[in-house]
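J.: Let's have the full structure, built from the sequences with the hints guiding it.
Protein chains: 2
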Amino acid sequence: MKQLVEELLKGNRRAAARLITLVENEDRQKTELLQAIYPHTGNAYVVGITGAPGAGKSSLVDQLLQEIRAEGLSVGIIAVDPTSPFSGGAILGDRIRMQDHALDQEVFIRSMGTRGSLGGLSRSTREAIQVLDAFGKDLILVETVGVGQSEVDIVRTADTTIVLLTPASGDSVQTLKAGIMEIADLFVINKADLPGTERTVAEINMMLDMKNSASWRPAVIPTVSIRGEGIEELWTALKEHRLYLETSGQLAEVRLQRVRRELTEQVEYLVKNRVWAEVKDKFVLEELIEKIARREKDPYSSACELLDSINFFESKS
Amino acid sequence: MKQLVEELLKGNRRAAARLITLVENEDRQKTELLQAIYPHTGNAYVVGITGAPGAGKSSLVDQLLQEIRAEGLSVGIIAVDPTSPFSGGAILGDRIRMQDHALDQEVFIRSMGTRGSLGGLSRSTREAIQVLDAFGKDLILVETVGVGQSEVDIVRTADTTIVLLTPASGDSVQTLKAGIMEIADLFVINKADLPGTERTVAEINMMLDMKNSASWRPAVIPTVSIRGEGIEELWTALKEHRLYLETSGQLAEVRLQRVRRELTEQVEYLVKNRVWAEVKDKFVLEELIEKIARREKDPYSSACELLDSINFFESKS
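Each protein sequence line maps, in turn, to chains A and B.
425 is the number of the first residue of the first sequence in the working numbering; add one for each residue after it.
425 is the number of the first residue of the second sequence in the working numbering; add one for each residue after it.
It should be emphasised that the hints constitute simulated quantities derived from the structure, not laboratory data.
The structure displayed is predicted, hence computed values, not measured ones.
Check each hint, because a few of them may be wrong.
No distinction is drawn between identical chains; accordingly, a pair holds when it is met within one copy or between any pair of copies.
Straight-line alpha carbon distances no greater than 25 Å define the calculated DSS-like cross-link-like pairs of lysine-lysine that follow [as the list claims (entries may be wrong)]: (1) 434 x 721; (2) 663 x 704; (3) 696 x 721; (4) 635 x 426.
T.: Right, here's the structure in full:
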C-alpha cells in the first residue's frame, strides 16, 4: 500500500487506477491510504458538470478537454453514473473516449457507478478526487448524469459547477430541480442549433434576475458541442469563475466547508462503528427488536436504554 | 401535544394534519410525539407506488381508491414529490384530488416535498406513515415521483411496492434502474392502450424469468387508469401479495427489518448529537479545520484526536 502511494506520487497511472479501486471497494486500508495521500492534496481545481442523459455531456467534456490540454494543464475525469452498477471504465461510451486519449499521459479517465448506496457513491467520488489530486492532476472534471438531489450532492464537491441544459422541452427551466439552480456557477445550453435556444437562455436569465443578486452572476453559454461551438467561451467563463473565487476569498471558504464535512463524516463514522461494536457486545439486539415490533417497547426509549447500557451518557456527563 | 395525540387517536383529521406538520418541521417535541403514538401503530398496511412523472400515478391511485373504499377500508395517501419544495397539500394536482374526496372522512391525503435533504424526506415520510397508522387508517398509499435511488429508499417503507411504467420508450425496461427491479412486487403498465404495451409486458416477464426464482413472482398488470381498466385486477393482485406476505411469514420479517432500521437510526441520532455537543464544548473546531485545510493535519487522525479529547474511546474500553 505504501508502495502504491509512492508510485501514485511519482505519477504511475496504474497505481492511480488501483488506488481508486481500493477506495471504491471500501478496502480495509482505505483510511490509511487517504491519510497517506492527504498532505499531497489541495492543489487540483475541481469542476463538476451535471446534465440530463442525452444533453451531450460527454462530447462537451471531450471538446473542453482539448482547450484545457492546449494550455498544458493535466486533467483527471471522473464520470459518475448513479444509475449504473458498472465502474472502472466499463461504460461503453467511456471506453471509446479513453481510446481517443489513450496516448495522452496527462489525461486520466475513470468511470464510477453505484456499487452500493448513492451516499457511498458520493463518498467514493470525493475520495477518487483526492487520489487524482495527489496524483498531480491540475484540473479534475467530475461529470454526472441527471439533475436529481443525489447528483447535486456529488457535484457539491466541485469548485465550479456547470449545469448543462438543452433547448428541448424536457430540460425546460420549469422542470429544473430547486437545488440545481442554487449550485450552478455556469449554465451551458448545449445543442444551441435547435429551436427554443433563445427562449431557454431568456428563461434562465429571467430566473437569475429574480434571484437575490449575489456577487457572482452565472454566465449562460450556448454551445453546439459536436461542432465545438461555444467551447472556447465556456473555457474562458470557467477561468473567470475560478479567478473570481480566488480573488474574492470564496475558494478558501468553499474548501473550508469541504474540510468541515470531511471531518464530520469521519468522526461520525468512527463513533458509529464503536457504539455498535459495544452495543452488540452487551446486547442481544434481536430480542429487543422483536419486542419493539410487538409494540411492547418503542424505538425511542429503547435507543436511550441501549446507550445507557454502554454507559454512553453517564461517562460523558 | 398530549392533547393533539389524544385527538389523533380519536380520529380528529386536523390533529393528524397538525402532527404530520410537526414531524415534517422537525419540531423539538417530535421524538416525544412519535414515542406517544408508537404503541398505536403497526396495524396499517402500507403500499408504495413509484413511477416516472406523467406515467399516470395520480389517476391510478384515484381509481384504486374507489376499489379500496368499496370494501370499506379507510385510506391514507401520502404523495411524495422529491422535486417539490412544497408540502402540506400545496401541489395543485393534489388539491384537485382532495376536493374529490373532501367529503369522505375515511380518506386522508397529504403531500410532502423536500424541505431539506432527501434523507430528511425519506425520514419524514416514514414518520407521517406512523401518524396515519396511529390515526387508524387501514391502508396507507405512498406515491412517489420518479424511479431513482432516493425514491427507492422512500418506497422501501412499503409492505407492497408497485412500479408503474408506460409503454413509452422513455420508460423502457432497459432504462429501469437496477434497484427498481428488486423492489417491485407488482408491475403496472399504465396507458396500455398505447402501442408497445405487449412488448413492455414481454420484456418485464423475460427479465423476471432470468431472475433467480424467488417464491413470489411479481404480476405484470396492464391498466388504462383514466378509463378505470385493469384496476380491479390490480386491487386483486395487491390483496394476493398481502396474503402471500402474511401466510409465508415474510410480512413479519419485513417489519422486523423496519424496526431494526428505526432503532439504528435513533441510536445514531442520539449518539451524534451527544458527541458533537461534547466536542464543541471542548474544542475550537474552526482552528482545527483551518489546519486541515492547510494540510498541516489530516481529517482522519484529527477525528481520532477529537474523540480522544472527549475520552470517547478510553471510557469505553
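J.: With reference to the structure, classify each hint as holding or not holding.
T.: Structure-based check of all given hints:
Only between protomers do residue 434 and residue 721 lie at most 25 Å apart by alpha-carbon distance; the minimum there is 22 Å, versus 58 Å within a single protomer. For the identical chains of this complex, residue 663 and residue 704 are neighbours neither inside a copy (52 Å) nor across copies (38 Å), given an alpha-carbon limit of 25 Å. Within a single copy, residue 696 and residue 721 get their C-alpha atoms as close as 23 Å, and across copies as close as 23 Å, so both meet the 25 Å cut-off. Neither within a single protomer nor between protomers do residue 635 and residue 426 lie at most 25 Å apart by alpha-carbon distance, with minima of 49 Å and 42 Å respectively.
Checked against the numbered hints above, the structure breaks hints 2 and 4 and satisfies the rest.
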